[in-house]
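S.K.: These protein sequence lines map, in sequence, to chains B and H.
Just so you know, our numbering puts 68 at position 68 of the first sequence, and the rest follows in order with no gaps.
Just so you know, our numbering puts 1001 at position 1 of the second sequence, and the rest follows in order with no gaps.
Don't read these hints as lab results, they were simulated from the structure.
Just to be clear, a hint being listed does not mean it is correct.
Rough simulated footprint, nothing fancy, chain B against chain H, three-plus residues with beta-carbon under 8 angstroms [unchecked claim]: (1) 1010-1018; (2) 1036-1048; (3) 1077-1088; (4) 1113-1126.
Okay, derived cross-link-like pairs now, DSSO-like style, lysine-lysine, Cα gap no bigger than 27 angstroms in a straight line [claimed, not checked]: (5) Lys7(B) <-> Lys1126(H); (6) Lys7(B) <-> Lys1102(H); (7) Lys82(B) <-> Lys1052(H); (8) Lys1113(H) <-> Lys1102(H); (9) Lys20(B) <-> Lys1052(H); (10) Lys198(B) <-> Lys166(B); (11) Lys176(B) <-> Lys198(B); (12) Lys1113(H) <-> Lys1085(H); (13) Lys1085(H) <-> Lys13(B); (14) Lys40(B) <-> Lys1052(H); (15) Lys7(B) <-> Lys1119(H); (16) Lys55(B) <-> Lys1052(H); (17) Lys7(B) <-> Lys1085(H); (18) Lys82(B) <-> Lys154(B); (19) Lys1085(H) <-> Lys40(B); (20) Lys7(B) <-> Lys82(B); (21) Lys1126(H) <-> Lys55(B); (22) Lys55(B) <-> Lys1113(H); (23) Lys1102(H) <-> Lys55(B); (24) Lys1113(H) <-> Lys13(B); (25) Lys1006(H) <-> Lys1056(H); (26) Lys1119(H) <-> Lys55(B); (27) Lys55(B) <-> Lys1006(H); (28) Lys7(B) <-> Lys1052(H); (29) Lys40(B) <-> Lys1056(H); (30) Lys1006(H) <-> Lys82(B).
As the structure is a prediction and not an experimental result, all values here were calculated from the model.
Think of the CB as a built atom: it goes at the ideal place given N, C-alpha and C, for glycine as much as any other residue.
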Amino acid sequence: MIIAERKPLEEIKNMIAGYKRILVVGCGTCVTICWAGGEKEVGILSSQLRLASNKEENELSILEAVVERQCEKEMVEELRDKVQEVEAVLSLGCGAGVQTVADIFEDKPVFPALNTAFIGMPEGEGLWTEMCGACGDCFLDRTGGICPIVRCAKGLLNGPCGGTRKGGKCEIDPEKDCAWVLIYRRLEKQGRLELMRKYYEAKNYRAVKRPGKVQAVQA
Amino acid sequence: MEKVGKIIAFCCAESAYRAADRAGRLRIRYPDNVRVIRVPCAGRVSVLHILKAFEKGAAGVLVMGCQEGACQHLTGNARAKERVKYAANLLQEAGIDGERVKMVNFGPDMAQKFVREIKEMVEKIKEGK
């Protein structure tokens, strides 16, 4: 699923400065699961904005809504009545959600309240880890179902590098497992170690910090 | 006594609520601006409950749960502690002193501690004025 983190309140306040009536819209799918943009988070952000505007004596009226999936036009359509009542929309959806809302209500400014981080899975309570780089050319058939593009800090397709620590940890972060050690052990278990001896051509992908992590507290 | 705004005390039914009740039965005087809300467990109090209390005009919020390790739902008070910490950061972000929300651990017979915590919160609010 898509993992996102909320932007700092100050940044959100600057985006909506000057608007007196706004709609805060959450999404009931990925960002609800990762505690970034569900019903509760919509309530929390709205409450924070009300408290801040009272403190600064700004006039601000906030409507709240959550759609089941903000990346689906039919579901976003349901917001039409509420959007007509406001001057701007603050979306707690992923980048796709924000853009869907902006496409449907072209006459209203739509602002993102989240930073979309990565595609990942839950590792523990409130902790999500990046699992897929959405590279468009899946490599998992050769690596025992472990993606070296995001789980290896260097994104190596022909690993491991020379820096694997004792105990199979990464040289860049000793807290993280070396993805290529995991791949070796998985392939060994499956009797497919011959795959480790093949060389693969490098992909053309952007250098990004990997794997990403989001730590949140359940409200 | 100088008046300060309302203080909302979310009290766990198993500990803090009994301590509050005991303080009443012992006729211990404490500030009259506290509003006790009985909850089945401190873990029932969400960040949103805390923020809404401030939004509706509360000057301070106390989340009162059982002693560490004594929660009958096992982790309710530990979760409450995390949530209070999170709520304090959110309040601070919105320009409100994060110390206006506090988690306190109680045993059911700690009437004096209940009163002391409320008085401390009142003092903190007065200082912040």
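S.K.: If a hint holds in the structure, say so; if it doesn't, say that too.
M.R.: Structure-based check of each hint:
{"no.": "1", "hint": "1010-1018", "in the structure": "violated (count 0)"}
{"no.": "2", "hint": "1036-1048", "in the structure": "holds (count 3)"}
{"no.": "3", "hint": "1077-1088", "in the structure": "holds (count 5)"}
{"no.": "4", "hint": "1113-1126", "in the structure": "violated (count 0)"}
{"no.": "5", "hint": "Lys7(B) <-> Lys1126(H)", "in the structure": "violated, 33 angstroms"}
{"no.": "6", "hint": "Lys7(B) <-> Lys1102(H)", "in the structure": "holds, 25 angstroms"}
{"no.": "7", "hint": "Lys82(B) <-> Lys1052(H)", "in the structure": "holds, 22 angstroms"}
{"no.": "8", "hint": "Lys1113(H) <-> Lys1102(H)", "in the structure": "holds, 14 angstroms"}
{"no.": "9", "hint": "Lys20(B) <-> Lys1052(H)", "in the structure": "holds, 20 angstroms"}
{"no.": "10", "hint": "Lys198(B) <-> Lys166(B)", "in the structure": "holds, 24 angstroms"}
{"no.": "11", "hint": "Lys176(B) <-> Lys198(B)", "in the structure": "holds, 25 angstroms"}
{"no.": "12", "hint": "Lys1113(H) <-> Lys1085(H)", "in the structure": "holds, 21 angstroms"}
{"no.": "13", "hint": "Lys1085(H) <-> Lys13(B)", "in the structure": "holds, 22 angstroms"}
{"no.": "14", "hint": "Lys40(B) <-> Lys1052(H)", "in the structure": "holds, 12 angstroms"}
{"no.": "15", "hint": "Lys7(B) <-> Lys1119(H)", "in the structure": "violated, 36 angstroms"}
{"no.": "16", "hint": "Lys55(B) <-> Lys1052(H)", "in the structure": "holds, 15 angstroms"}
{"no.": "17", "hint": "Lys7(B) <-> Lys1085(H)", "in the structure": "holds, 18 angstroms"}
{"no.": "18", "hint": "Lys82(B) <-> Lys154(B)", "in the structure": "violated, 46 angstroms"}
{"no.": "19", "hint": "Lys1085(H) <-> Lys40(B)", "in the structure": "holds, 17 angstroms"}
{"no.": "20", "hint": "Lys7(B) <-> Lys82(B)", "in the structure": "holds, 24 angstroms"}
{"no.": "21", "hint": "Lys1126(H) <-> Lys55(B)", "in the structure": "holds, 17 angstroms"}
{"no.": "22", "hint": "Lys55(B) <-> Lys1113(H)", "in the structure": "violated, 32 angstroms"}
{"no.": "23", "hint": "Lys1102(H) <-> Lys55(B)", "in the structure": "holds, 21 angstroms"}
{"no.": "24", "hint": "Lys1113(H) <-> Lys13(B)", "in the structure": "violated, 40 angstroms"}
{"no.": "25", "hint": "Lys1006(H) <-> Lys1056(H)", "in the structure": "holds, 10 angstroms"}
{"no.": "26", "hint": "Lys1119(H) <-> Lys55(B)", "in the structure": "holds, 25 angstroms"}
{"no.": "27", "hint": "Lys55(B) <-> Lys1006(H)", "in the structure": "holds, 17 angstroms"}
{"no.": "28", "hint": "Lys7(B) <-> Lys1052(H)", "in the structure": "holds, 21 angstroms"}
{"no.": "29", "hint": "Lys40(B) <-> Lys1056(H)", "in the structure": "holds, 18 angstroms"}
{"no.": "30", "hint": "Lys1006(H) <-> Lys82(B)", "in the structure": "violated, 34 angstroms"}
Hint violations for this structure: numbers 1, 4, 5, 15, 18, 22, 24 and 30, all remaining hints satisfied.
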